[in-house]
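**Student:** If you want the building blocks of each chain, they are given just below.
There are 2 protein chains.
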Amino acid sequence: MKGKRTDEDFMRIALQEAEKAYAADEVPIGAVIVKDGVVIARAHNEKEKRNSAVRHAEIVAIEKATKKVGNWWLEGCSLYVTLEPCAMCAGAIVNSRLDRVVYGAPDLRYGFLGSLADLPADYPLNHRPQETRGVLAEECGALLTSFFRGKREQKKKN
Amino acid sequence: MKGKRTDEDFMRIALQEAEKAYAADEVPIGAVIVKDGVVIARAHNEKEKRNSAVRHAEIVAIEKATKKVGNWWLEGCSLYVTLEPCAMCAGAIVNSRLDRVVYGAPDLRYGFLGSLADLPADYPLNHRPQETRGVLAEECGALLTSFFRGKREQKKKN
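Chains as they are written, first to last, in our numbering: chain A, 1 to 158; chain B, 1 to 158.
Bound-form chain A, shown alone:
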C-alpha cells in the first residue's frame, strides 16, 4: 500500500462492515479500530444474530481489539464508526480509553457524541478521546436510510 491512509480510507473499511450487516439484515453500522496506521479490528452490528442489544458494532470492535492487543486499555487506538455512538458505546469508548473516535453520520435521536449529549465533554469522566465527526457522513447515512426504507416497504407488503 502506498502513502498514509486517511480518515476516509478507514471509514470506507467501516462502511464495508456496515454493508455486511445490511446483507445479514442487521441495522447497517460498521466499525474499525486502528493502531499505528493498521486496522486491528473490524466489526459490524450483530444485535439480531447474537440476540443481544449489547452487540453494537463499536462493542464488538472493542472486544476484538482488546483481544488483539492483550490489554483493556486501548491506548494509541482510534475507532472509526459509521454512525454516532449511543450512550452505551460512548461509555465503552471512554472505559476503553480509546485515543480518538471518528464517526460518519450523526444520530440525532440517540447519539451521545454531539447530538443528545457529548458524553466525555459534558461529564467529568476519567478520559476524553479526541472526536472527529462527519467523515463520509452522507454515504454512512444513506446506507441506513436505504435499510429502513426497505424495512418499511417490506412491512407494507406483509
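No wet-lab data here; the hints were simulated from the structure.
There could be a bad hint or two in this list.
What the hints assert, rightly or not - Now the stretches of chain A that chain B is said to cover, found in silico as 3 or more residues with beta-carbon under 8 Å:
| # | segment |
| --- | --- |
| 1 | 26–38 |
| 2 | 136–149 |
Said to hold, decoys possible - The list that follows gives simulated cross-link-like pairs (lysine to any residue, SDA-like), each with its CA atoms no further than 25 Å apart:
| # | chain 1 | residue 1 | chain 2 | residue 2 |
| --- | --- | --- | --- | --- |
| 3 | A | Lys156 | B | Asn126 |
| 4 | B | Lys67 | A | Lys156 |
| 5 | B | Lys155 | B | Asn51 |
Stated by the list, open to error - Here are some of the chain B residues that sit facing chain A, going by a computed Cβ distance under 10 Å:
| # | residue |
| --- | --- |
| 6 | Ala23 |
| 7 | Ile40 |
| 8 | Val54 |
| 9 | Thr66 |
| 10 | Trp72 |
| 11 | Trp73 |
| 12 | Gly76 |
| 13 | Ser78 |
| 14 | Asn95 |
| 15 | Ala117 |
| 16 | Asp122 |
| 17 | Leu125 |
| 18 | Asn126 |
| 19 | Lys151 |
Where a beta carbon is used, it is the ideal one built from N, C-alpha and C, also for glycine.
Since the structure of chain A is provided, determine the placement of chain B on it from the hints.
**Tutor:** Only chain B this time, still in chain A's reference frame:
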C-alpha cells in the same frame, strides 16, 4: 424455597458474585438478572480476566440473560447490581429494555443512574426502566472500600 424473594434477597446473590470478583482480584461488583422471580443470569466484573473494559458485571449478566431467553429484548426482567451503573452500563440497560434496575451503593464519580446523571430520565431515550436505589448499599459499598484499601496497602509494600 418458601415465600416470595425480596430485593434484598436478590441483592445478596449479586453480593456473592461481587465476592467472586474480589477473590479473583477484580473490582468487586456483581449483578443478577431476575425474571418472574427466578434468577436467569448471574455475573461479576471480569475486566482484568477478559482484558476488556466492556466486561462489567452488568454487561456480562445482560449477555447471559439474552442467551437464556433467546431475545435481546429483556422484557419482564430486573437487573440487580451492587454498584450504580456507569454510562456504558446504563446505556446497555436502556438498549436491552430491562423493566427495572435495582442497585446497591451509589457511584458518586461515574454513576449514571442518579449520581453524575440519570441517563433514562435526563434524555429522551426510547425506554425508561424503573429504578430502585440503595438496596444493601452499605454492604455493597464496604466490599469495594475493602478492596481498594487492600490495593493501596499492597502498593505501599511494593
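**Student:** Return the status of the interface hint for Leu125 of chain B: holds when the least beta-carbon distance to chain A is below 10 Å, violated otherwise.
**Tutor:** Holds, because the Cβ-Cβ distance from Leu125 of chain B to chain A comes to roughly 7 Å (cut-off 10 Å).
**Student:** Would you settle whether the hint for Lys151 of chain B is holds or violated, based on the nearest Cβ-Cβ distance to chain A being less than 10 Å?
**Tutor:** At about 16 Å, which exceeds the 10 Å cut-off, the nearest Cβ of chain A leaves the hint on Lys151 of chain B violated.
**Student:** Does Ala117 of chain B meet its interface restraint, that is, does its C-beta lie within less than 10 Å of any C-beta in chain A?
**Tutor:** Where the cut-off is 10 Å and the nearest Cβ of chain A is about 7 Å from Ala117 of chain B, the hint holds.
**Student:** Hint check: is the beta carbon of Thr66 of chain B less than 10 Å from a beta carbon of chain A?
**Tutor:** holds (5 Å)
**Student:** CA of Lys156 of chain A to CA of Asn126 of chain B, is that 25 Å or under?
**Tutor:** holds (24 Å)
**Student:** Would you settle whether the hint for Gly76 of chain B is holds or violated, based on the nearest Cβ-Cβ distance to chain A being less than 10 Å?
**Tutor:** At 15 Å from the nearest chain A Cβ, Gly76 of chain B fails the 10 Å test, so the hint is violated.
**Student:** For the hint on Asn95 of chain B, does the least C-beta distance to chain A fall short of 10 Å?
**Tutor:** holds (4 Å)
**Student:** Under the criterion of a CB-CB separation shorter than 10 Å, is Ile40 of chain B in contact with chain A as hinted?
**Tutor:** violated (14 Å)
**Student:** At a threshold of 10 Å, is the proposed contact between Val54 of chain B and chain A supported by beta-carbon distances?
**Tutor:** holds (5 Å)
**Student:** Would you check chain B against the segment 26–38 of chain A, counting CB to CB pairs closer than 8 Å, and say if three or more residues qualify?
**Tutor:** violated (count 0)
**Student:** Under 10 Å is the threshold here; is the Cβ of Trp72 of chain B close enough to any Cβ of chain A for the hint to stand?
**Tutor:** Because about 4 Å separates Trp72 of chain B from the closest Cβ in chain A, which is inside the 10 Å limit, the hint holds.
**Student:** Taking the closest Cβ pair, is Asp122 of chain B under 10 Å from chain A?
**Tutor:** holds (9 Å)
In terms of the numbered hints stated before, the structure departs from hints 1, 2, 4, 6, 7, 12, 13 and 19, listed from lowest to highest.
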